[in-house]
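Go ahead and model the full structure; you've got the sequences and the hints to work with.
2 protein chains.
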Amino acid sequence: MFIEVEQKTLAKALHMISGAAAARSPIPILAGLKLEADPGGLTLAAGHPGMMLQYRIPSGDGQAIVGQRGSIVVPARYLTELIRRLPEGFVTVSCTEDRVVVIRSGGAAYRLSGMCADAFPALARLEHSAVVHMPNFALKRAIKQVAFAVSTSDARPSLTGVSCRSEGGQVRLTATDGVRLASRTIAASKRRQDAFPAVVIPGKPLSEFSKMMHDEQGTTAVTLGKDSIRFQTGDLLMQCSLLAGGFPSADQLTPAAFAAELTLETQALLRTLVRVSLLSGDSKTVRLTVLSESAIELSSRTAAVGDAAETVGIEALSGEKLAVSFNGSHMTDIIEAVDSACVTLKLAGKWSPIVIRPADCPSSFYILTPIRTRG
Amino acid sequence: MFIEVEQKTLAKALHMISGAAAARSPIPILAGLKLEADPGGLTLAAGHPGMMLQYRIPSGDGQAIVGQRGSIVVPARYLTELIRRLPEGFVTVSCTEDRVVVIRSGGAAYRLSGMCADAFPALARLEHSAVVHMPNFALKRAIKQVAFAVSTSDARPSLTGVSCRSEGGQVRLTATDGVRLASRTIAASKRRQDAFPAVVIPGKPLSEFSKMMHDEQGTTAVTLGKDSIRFQTGDLLMQCSLLAGGFPSADQLTPAAFAAELTLETQALLRTLVRVSLLSGDSKTVRLTVLSESAIELSSRTAAVGDAAETVGIEALSGEKLAVSFNGSHMTDIIEAVDSACVTLKLAGKWSPIVIRPADCPSSFYILTPIRTRG
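These protein sequence lines map, in sequence, to chains R and Y. To convert, note that position 203 of the first sequence is 203 in this note's numbering; the numbers rise steadily by one, no gaps. To convert, note that position 75 of the second sequence is 75 in this note's numbering; the numbers rise steadily by one, no gaps.
Please keep in mind that the hints were generated in silico from the structure rather than gathered at the bench. Don't take each hint at face value.
Between beta-carbon pairs, the in silico distance windows are [stated by the list, open to error]:
1) Gly218/R - Gly178/Y: 51 to 61 Å
2) Gly234/R - Ala268/Y: 34 to 44 Å
3) Asp98/Y - Cys361/R: 45 to 55 Å
Yeah, the Cβ is synthetic: ideal placement off N, Cα and C, and Gly gets one too.
Right, dumping it as structure tokens:
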């Protein structure tokens with residue numbers, strides 16, 4: 001293997017994908033990063049059999065010149081830290097017969113012990129696949145607005161994922177940890193008339209991938225195989241195994257009827273919620289009380305420290321004057337995700353889930369189970 | 001107690017000094033922050049008997065209005081987090097008879113349990129004191145350039161401090177952990193003809209204080225008492241106990257004669273040192289070899305991972321072609337502190353300390369003990 005590549009280009013590629021390499025692994029090759037040079041360019045890959053990230057630097061546009069094809073696995077951390085700190089200009093990467101990777105730039109020569117690329121997990125072929133195309137801007141936003149609600153516990157593995165299913169010309173993403181639920185649709189263009197059944201995508205790689213979608217004008221092709229899913233946009237590719245197990249439906253959590261509906265300014269609610277949550281203690285309990293047609297009160301209390309009470313103006317109210325308690329930290333996450341000037345809260349009583357919707361956008365909704373209090 | 005104070009002003013004051021309050025303490029009052037209102041303004045204090053930070057918001061310029069004098073201790077973390085998040089405008093802070101502190105702003109009312117201010121450590125009076133005045137800009141820079149070299153081990157407590165002594169019209173600051181030493185003088189104007197003997201100031205509070213010196217045009221008054229020292233600039237005051245115990249002199253570490261002296265571009269040396277250190281392993285050993293009249297090589301090796309070698313151009317060389325090994329991380333700290341376009345390294349042999357000086361500034365110097373290697 002012999003390649004010449006722009007330091008900036010290589011540093012950017014490594015910055016993107018090296019996080020997928022294990023920091024420490026009983027299987028040393030999984031802490032590695034695979035470099036594969038062919039006449040068309042350089043492909044970098046990192047990950048494990050359940051999740052693989054791949055980035056390609058094409059040789060066409062002068063960023064990389066492949067002198068000799070070949071492949072090798074290099075310790076990800078050392079390579080990334082080194083390339084990031086090299087001066088600008090072309091870097092040469094070559095590989096000796098005994099798998100020593102030599103990196104040169106100006107007066108610098110670095111030699112890293114490589115590992116055989118054959119032992120590195122390969123990207124599985126996707127059989128019986130269906131493809132859906134989604135605009136990056138909408139996909140990135142939707143993942144951010146939904147994926148925060150995944151469960152962090154391994155008790156029910158499917159809840160650590162984001163459910164994805166087709167609904168007409170749209171794709172609906174849903175995440176829940178059993179206490180809160182976030183759901184949003186995105187317009188998607190199917191280029192092939194394949195079926196796209198409901199699947200559950202691991203939440204963490206999905207969030208990581210969404211942060212790497214730098215080209216917001218582009219499109220992501222989502223390819224669904226039998227037990228894996230692939231996201232591909234520009235030179236970046238992420239493929240991961242789907243999660244097995246059932247996924248709760250939002251309908252099960254949504255109350256049949258509501259007793260009150262109130263609309264508030266999102267930023268005013270968010271700022272007050274964050275402040276009142278400061279004194280919500282270990283249980284994070286924040287109480288919302290509808291005071292009048294024009295104001296609610298948020299309150300909290302931490303034993304031995306103190307208590308908080310703030311009023312927030314209401315834009316519109318219909319129905320009864322209720323009070324309900326909830327996890328202030330969960331509600332903050334939801335209000336932060338709402339992404340709309342006003343937000344509507346639908347209450348069905350102090351023991352029934354609260355439904356939260358952006359006031360001007362029907363494509364997303366959130367559900368939060370209340371905390372049962374004595375008061 | 002009743003005061004009205006601008007949210008921005010109070011938030012800035014709390015941000016500065018609340019770090020001095022203990023995060024968790026077996027003595028609850030040390031996790032508190034003392035508020036003391038008198039007709040002249042509001043004084044905030046945090047710390048412990050060995051180190052106290054104090055900030056005063058004067059009532060004169062409209063930032064604070066004291067309605068009723070009084071003092072109380074409030075949990076530092078809660079107060080700081082709350083005030084930071086309140087909207088701009090005036091905040092009122094009052095105190096009930098049963099020591100509940102009430103904070104109001106717009107529609108918000110927060111109540112925090114206070115503690116009796118009499119139990120809070122008082123600022124000790126400085127007896128037999130001497131005063132020296134130093135320009136903030138020079139003092140801030142000098143502390144940054146020296147304090148990194150303090151010891152982090154409690155084995156010899158005096159080495160966790162910065163030695164400070166008068167030398168003619170100057171003050172010399174020195175720090176060392178036994179392996180490396182950093183020293184620098186600052187011009188100081190003594191307004192009183194007091195003696196200012198050598199003392200050792202705890203390194204951590206000194207560094208923290210230097211970061212709070214926002215007014216670089218101002219002056220700091222340093223008042224030395226029998227066993228405490230006070231730094232005061234503008235509205236900010238820091239007082240801490242001096243460290244007892246001997247402090248090594250730079251003369252003991254400095255070789256009597258040098259075999260070689262080389263001058264290099266500081267930034268080129270620094271960047272190369274950081275890269276080569278990536279492969280210096282757990283021992284952090286980096287080797288410097290004078291290759292010729294015009295170049296040195298820095299090299300390192302990590303077992304089972306790889307090795308590094310880079311050349312750096314020399315601006316000027318006199319003496320022998322030597323090789324010496326040192327802790328790359330310590331040398332990086334020193335070269336970062338040098339703050340000059342070129343740096344001079346004076347070598348006396350592979351077992352003798354290296355002396356490092358900014359090429360154009362006689363006021364500072366650094367000493368680094370080499371690592372003894374077999375090669």
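Checked hints:
1. Gly218/R - Gly178/Y: 51 to 61 Å: For glycine 218/R and glycine 178/Y the Cβ distance comes to about 57 Å; the hint holds.
2. Gly234/R - Ala268/Y: 34 to 44 Å: 36 Å, holds
3. Asp98/Y - Cys361/R: 45 to 55 Å: Holds - the Cβ-Cβ distance for aspartate 98/Y and cysteine 361/R, about 49 Å, lies within 45 to 55 Å.
Of the numbered hints listed earlier, not one is contradicted by the structure.
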